[in-house]
Amino acid sequence: MASKTDLRRFPGFLTVTIVCLVVLYAPLIVVAVYSFNASTSITKWGGTSLAWYVDVFTGPEAPKFQQAAINSLVIAITAAIAATIIATLASVAMTRAGRFRGKTLSFALISLPLMVPEVVTAVASLVFFTAIGFTSGLTTILIAHIVFCIPFAYLPISARMQSIPDLYEQAAMDLYATPREAFKLVLLPLMTPGILSGFLLAFIISLDDFLITNFVKGAGVETLPTAIFGSVKQGIKPNIMAISTLMLIVSVIFVSLSWLIGRTGQDKNQKT
Amino acid sequence: MKKLLMTASLAFFALTGAAQAEGKLSIYHWFEYIPQELLDKFAKEYDVEVTMDTYDSNESLLASLKAGKLGSYDVAVPGDYMVKILNNEGMLDTFEPSELSNFGNIEDQWADVSFDPGRKSSIPYQWGSTSFSVNRDVFSGPIDSLAIVFDPPEELKGKINVLDTSGETLTLASLYLGIPQCTPDKAQLKALNALVQGAKQHWASFGSDIAKDVLVSGDAAVGMIWSGFSAKARSEGANIEYAFPKEGYIVWMDNVVLLKDAPNRENALKFMNFLLEPENAAAVTNYAQYTAGVKGVAPFLEPAVANSPESNPPAGQKGVFVEACPQEVQVLYDAIWTNLKK
Amino acid sequence: MAAGATTSGGTVSNIYKGNSAKLMFPAWAMIGFFLLAPVGMMIVYSFLTKEFRGGVIWEFTLAAYDQFFFDRGLFGDEPPSIEWTYIGIFWRSIWQAGVATIACLLIGFPTAWFIATRRPSTRSAWLFMITIPYWVNLLIRTVSMKFLIRDTGPLNEFLLWTGAVSEPLGLINTNFAVQLGLFYSYLPFMVLPIYASVERYDFSLSEAAADLYSSIWTTLWLVILPVVKPGIVAGCILVFVPSLGAFLAPDLLGGAKTFMIGSLIEEQFKGSAGNWPFGAAASTILLSIVMAVLLIYARNQNKGSER
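Chains as they are written, first to last, in the UniProt record's numbering: chain Z, 1 to 272; chain C, 1 to 342; chain F, 1 to 307.
This list has only true hints and no planted wrong ones.
Here are the simulated DSSO-like pairs of lysine-lysine, each with C-alpha atoms no more than 30 angstroms apart in a straight line:
#1 C:Lys200 x Z:Lys44
#2 C:Lys157 x F:Lys257
#3 C:Lys84 x C:Lys246
#4 F:Lys257 x C:Lys190
Keep in mind that the hints were calculated from the coordinates and are not lab data.
Take these sequences, add in the hints, and give me the full structure.
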């Protein structure tokens, strides 16, 4: 592929990447280590124990946390997919549909979820949902999550789309592709890194949200963050560390699988 | 992509459809305060499906009820002054003592309280105190004064954590100065403002959730803290002593209230009655390490909890309730707090 | 009149011209109904009279804005002067968020570049590597970060052991800790958008530059950065704006000794202050500032690209 590797390599960039990974992962080592702590404290080491993992599966709060984890994953995946689709369509409008009335306004609207402080969104949404008689529950959480995920998906996707000249689609359309075909067969494959980035950011922002969820959720519905915040008032116990470690393991499995699937797909693509 | 979307939406509807049962009870409760086993016991005994949501302060309970959550919960557990506020806001339902067969189990001192005269909407839950604890490895001098927090000795400066709530911090400061709560007196308020402004330089951090951890880890040598929380810190190995300062300290009581528009009023009353059983009240006490407001709990208490120094103030000390100030005075206290954290 | 606004100066293509309404509709509908309506309501609230302990009374007043901008003393009986308290809180938040954004950019750009120059089949795996830590709740990660950097924590013990320092660094409860926390909270929000842009970079541009005897750093500055600018801008927005309203890192790592915008506004809704109109007014002011800067930028970029 690359003819001159030296143009791709900047001195120090590898070091910075390593620093980046160390910063990202160092706190997780603390999480993983303290999930094996026999004591109930996260600051005092009391010997090695698997007790907290047993607690996660059989403890009195096990059903609550399991349900919360499932809720969180389903909401995050659904909200991220919906937000990514909405954001992709919006990016096409913003970068490929020339000028249109209300374009600046549209950009302002898409950025709005990012600009409004979280607690304001939370209180305002609750008041609004109550006013229109929307009963709170998983649906209200999902709607709220889709809304605040949109800018997180939109910005990487539109950044990507701006760096792709429309030559490729023009060429396809010169060859009698309809705009829809040009979009689907030409633009979308070129967009993959942007869409993946947008999806991942939307996913992690949804998975992590506490404040808005806590306000709009129905009584008794828990997501992982609300369940975790509900358990930390008396100090974080190692069972939270154990749950977090398990989430990490799930994510690694998830990612490895998608990577394996993705690799076979991409290798095929490269051959053609 | 399409397939993924389908699966996700299917799973989503499976989730929303779940959890439909006849008898229900919806509790709005403090963070980590009631053992899950006790909720399970109630659910089993009365064949009721119990769900619980949590909040982290009296004020956030009020905020979310006000923003629209009233009507989705049956019972909540506000602190003393918040019972009065909720009642003034018209957010509480009333019941007759005859509706609770265990009503007579309420400790005499809590049967008629200023924040709910005659206990028309609430029953006592747990009570405790707010003061401060000192790490005895760091400081061995006397700790019987709030000066430890507001005018600390040299070796404790910069090692103090205070609670991040204006009500408790400013009330303790008022006790230290010997001025009444909710005072509209300008000179007194200026003195209060000056006191906390001057003390802040000696404080390492503001934090409520972290109040226990900073003492256990040794990040702070003095921590303003709730009595049961201090007991937990001690049981986790911190060499700390909980102080009952001579100027006074805060006493608070959490109460189970019947909320207005409760979707399951019957079950709410059953639950309140259930919590007035000595055995069940003791289960909460053993878990949270505060003190129950119910007669006859003593036989069910773990000795370590019953004898904990945090729950047994020396005779003759004065504990005071935090008062709910009228609006025109409350804004002044808010201004002092904002001023402190600007 | 209505100049098009993209986040930066890429070419504005019009091959899907005429479909804009259809393409924009889902975004308009979702945000317009479920966010614009509630936020509009909040803006209205900022002009209403506060109800004691939360809520509003439907009577028009500018009291909330007056409180934000004018100081009348603790008892409200002094002649009005400029109130610096809230402006100061805003300025502090902007400063902290700015430092965190620059730190994210300095670390995030090389990381994104590094990922984009890996073999195509491994790039997704790298992206996942960046986001995996975020499967653990932010609260837990922040608490763990606190554990690492506190005076008796592993970082200081290690530095003491190596002899690099003679006493603990005293990082906890400082502005630096807050910036570190914000940096850590939002790092992937810088890396991923930049990656999405850099991945498209055409290396023949670098070759051309090299042929003209440009050093690689000159190439980076004059050739690469302008091309990947949309990604950098997107990343900066995604780090800076959420950092402004963040409250976990300031509370846990900074010791919550001073209000940031996020905690100030939260106090109005969830704290003892219970002053919804003032919280709404502070939010409206924040929203106006950020939105104005963003739109002015978008507009200028657009003019630039039209020339």
